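FYI, in the working numbering the residues of the sequence shown are -17 to 347.
Honestly, I wouldn't trust all of these hints.
As the list claims (entries may be wrong) - Below, simulated DSS-like cross-link-like pairs (lysine-lysine); rule was C-alpha separation at most 25 Å, straight line:
{"id": "1", "residue 1": "K83", "residue 2": "K135"}
{"id": "2", "residue 1": "K247", "residue 2": "K260"}
{"id": "3", "residue 1": "K247", "residue 2": "K236"}
Unchecked claim - Pairwise CB distance ranges (calculated):
{"id": "4", "residue 1": "Y142", "residue 2": "E103", "range": "19 to 25 Å"}
{"id": "5", "residue 1": "F332", "residue 2": "A279", "range": "23 to 29 Å"}
{"id": "6", "residue 1": "S122", "residue 2": "R160", "range": "16 to 22 Å"}
Source of the hints: derived by calculation from the structure; they are not laboratory data. All values derive from a computational prediction rather than experimental measurement. Built from N, CA and C at the ideal position, the CB exists for glycine as well.
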Amino acid sequence: MAPRAAWNPLALDVAESCPPSAAINAIPAAEYERIPMAPVILLPYRVDDRVGPPPVLQPSLDQNLLNALQLTEQEVETITGNTPQVAGSSAVDWTYEQRRKAQRVLDFLHLGPVAAIRDTEYLQSAGITMIIIVRDFRMSSCRMLSVENAAQKLNIQVHYIDLGSQFELVREYPTAVRLINDHMLSIHRVRAREWSGDAASRRGRVLVACDSGNDRSCAIVTAYIMAMYGQDMFGALTYVAAQRFSLSLSEDYKRMLQTWEDLLKAQLNVSVANVAQKQEQQIKRRQWEEAQQHSIAATNAQSELAPPSRPRHKRSFEDTMDEDWGANNPGETRDADYERFTGRNDFAPFVDGGTVPGTHHQQSG
-17 MAPRAAWNPL ALDVAESCPP SAAINAIPAA EYERIPMAPV ILLPYRVDDR VGPPPVLQPS
43 LDQNLLNALQ LTEQEVETIT GNTPQVAGSS AVDWTYEQRR KAQRVLDFLH LGPVAAIRDT
103 EYLQSAGITM IIIVRDFRMS SCRMLSVENA AQKLNIQVHY IDLGSQFELV REYPTAVRLI
163 NDHMLSIHRV RAREWSGDAA SRRGRVLVAC DSGNDRSCAI VTAYIMAMYG QDMFGALTYV
223 AAQRFSLSLS EDYKRMLQTW EDLLKAQLNV SVANVAQKQE QQIKRRQWEE AQQHSIAATN
283 AQSELAPPSR PRHKRSFEDT MDEDWGANNP GETRDADYER FTGRNDFAPF VDGGTVPGTH
343 HQQSG
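All chains should be modelled from the sequences, with the hints used to inform the complete structure.
Laid out in structure tokens, this is it:
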């Protein structure tokens, strides 16, 4: 029986990926390290009220943020209702069956799985006016009968966001934010003409759904809260997790939300720079206008102090004659120059053709 090889701690990593027969005597040829990995992003889940007050979202009306979102203050108030959003504590009474249902995240935004769309009573009682479904693009050719039935029965708008991979979510975040805002404003305008109720009753409701309701749709809702309420990734995810405790975002989803946070900060910085540049241009223009006014005032004051000038007349023939004519032209008199002007009749260089003798006009026709 062959002697057993001595234990080598350097061979442990190799043994994890090699068959037992090959890993026993495998020795690394050189020292190596594992490929460094990004640290895990831990989210501070809120279990109950004992860990602190519930998260509260307040719509941001900062002008720089509004410029970045290309919205007015009135439009933001119409979309959000300008009311604070207080998170619940779903972890206290959360049950496994609630994974198959949708939860209200904001008073106008709901989150859940596609299976929740079958519950038309819930859609009607919640006042859902639009459904956004985030799905794999390979499912785009498949009909979703439950969605079609609900849309036809309750007159609900349906929009699909098809993803080739999960990394395309960053590109779709602005589309989803704009889609929700445009729908909320459109519903408000239509109902303002048709309904006589208060502003709250004229607002629409949006349901964002995916297969499980815990990843793609959760990322869309989190990105929307970050954009509209000025929250960072941790604040937005903490709030969403308090509403839907079953959310499960991989590290890739979290890092895409971090990228979205960086993009929002960049847009905000560009908006601040544009406002500062515009203010600087206005100041320079105002200074230039003031300088022009001072220059005009100084010119008017100088003209008032100057002596009045005599009116200018057209010079006569005598004004053109040189007083020193005789000194500069010995043997000639000034009268000699007058001779070329005496006896001259008026002469017009051009006259009407009909008045000249011997001319005829040929008429057409």
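Hints versus structure:
1. K83 to K135: The hint holds at about 20 Å.
2. K247 to K260: Measuring from Cα to Cα gives roughly 20 Å; hence the hint holds.
3. K247 to K236: Measuring from Cα to Cα gives roughly 17 Å; hence the hint holds.
4. Y142 to E103: 19 to 25 Å: 24 Å, holds
5. F332 to A279: 23 to 29 Å: 50 Å, violated
6. S122 to R160: 16 to 22 Å: This hint holds: roughly 21 Å between Cβ atoms.
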